[in-house]
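J.: Chains as they are written, first to last, in the numbering used here: chain S, 1 to 347; chain D, 348 to 543.
The hints are simulated quantities; they were obtained by calculation from the structure and are not laboratory data. One thing to keep in mind: the hints can contain errors.
Claimed, not checked - Dumping the calculated PhoX-like pairs for lysine-lysine here, alpha-carbon to alpha-carbon at most 25 Å:
1. K287(S) <-> K334(S)
2. K525(D) <-> K334(S)
3. K525(D) <-> K29(S)
4. K526(D) <-> K334(S)
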Amino acid sequence: MFMRGRDEGLAAQSLYETLAPADQARLDKALASSPDLAAELAAWRRVVESVPADAPAPLPSIDLLPALQARLAAEIAPRPAVSAAPWRVAVFGGGCLAALALFGALLYRPAMNDGAPGQANVAQADAVGAAFAEAAALADGGDYAGAYGALRAAVDNHPESPLRAEAVLRMADLAFGDLQRYDLALEDYRAFRDGYSAEYVMHPDRNTVRERLEVLEETRDAAFAPLYRMAGAARRGESALGELEAVMAAHPAMYVADLAAETMASILAPEAAPGSPEFVQAMASAKDRCTNPAALAQLELSIGRYYLDTLAQEAEAVPHLEAAAESGEIAVAKAAQSTLARLGVQP
Amino acid sequence: MDLGELTDEELALALQQGDERAFAEIVRRHQNRVYAVAYRVTLNREDALDVAQDALLKAFRKIHAWQPSGPFQAWLMRLTANQAIDHIRRRKRAPRAEPDDGAMFRSLADESPLRDAGRAAEAAEIGARVDRAMAVLSESQRAVFVLRHFEGLQLSDIAEALGCSTGSVKVHLFRALKKMRVELADFRIGPEPETE
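The shape of chain S in the complex, shown without the other chains (with noise of 0.2 Å):
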């Protein structure tokens, strides 16, 4: 009798190295005695030849080298003096619905007018340094569109500025968070990655810049239609959980549907905080108010999504997972049971 697990970890192995004589001689007896094991192997086999060692693979958009290089650099140097204060801000502003901001926060970045254009503390005389103190005036003043003139005509007109990176961000969030072109928004954050490599790698809001260009890469074939709908939507309150739904059902399994089902979550419950217990139950709620059969399969995978990836809450993630896999929805099936299957859990 051969001891299956065993067995198969010998079989793989063989197909790579060669084995000691004796685990030689325990495969040979097993693949004797089990017709399965030796047709397991042969397909394994193939697998392997099938799979060239050398297949391309994919290749880095920057060079590491200077991005690297300045992070050494950066860890025995002394931090500069804060810069740009007016764009540091603790709390979206405080006029926005919940849901609202939400919506921003869940991308959050600094928003432009903290209300302190006045404090800028801009360390250098610098002509993109000025730019910052008129864009933030003009932001103040409700002029988004001027003020990211204001830092366009800086960013072109001092190419070797060292605030240039900084301000090319700021202009990206100009148009994500206030603007809403998102076209620029993802013109500028791309050039903020690409163009900036040390600063984009070295940013602590580099995961907030990252989930705003996954999210805008997402939904640009759909000319960004389902960010539209949820900024919108965010505004109106209860009345937009439609056309919320409506986006998770449009486009299944994609970051923008786990945005509507968290926009959803805290439209039905303004005081749970995200990455609370009661924001995950409200997320669960939502499922009562939604008739549409792939929205109610994506809810599922959200609520499991977000149990993982923000709570990671494993256990509590499973079930909903399953649910989404077991969905008859193909895209949110296959994005659960490609999660299961990560997790180690056979759906």
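Once you have looked at the hints, place chain D on chain S.
T.: For chain D alone, kept in the frame of chain S given last:
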């Protein structure tokens, strides 16, 4: 001294002795491969960039952990795979179920002696298909498969890199092969085999 003429091991020794120019040459020489390993384990371009940078920085900081008795590249690839697994486990959002398709990344085949556009396209498609198949594997299974199949590391070395037993590595490997067999059931390179 032209650092480009040194072997990997000579560069690593130079770095151990404090020559930081050696690090720049190591990065130039290995960043593509480090990124490839990072991408194949994380299946996400942004994660792969993070992992590749973190792995190369770790190699710089921990260069004295490399023993001259073993090949430097293998040590670097093990370190990268380990970094990739840690990154996935720490990542706030799970990787997307579908990795980037073949059009999203520039294939090494495009820059190889394969001048024929058709062959280059086929090579890129193979790479993309393999990466899609690996998406069904867990991160540990992917790491083991990548290090064994693409990087040629011994199972015992992979076990040491991942901090597990050789037995566990074998389990990851056969589970990976089982899943890949299903995913690549209709995948074949070259002419169909003759059937009786």
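J.: What are the numbers of the hints that this structure violates, sorted from low to high?
T.: Of the numbered hints given earlier, the structure breaks none, since each of them holds.
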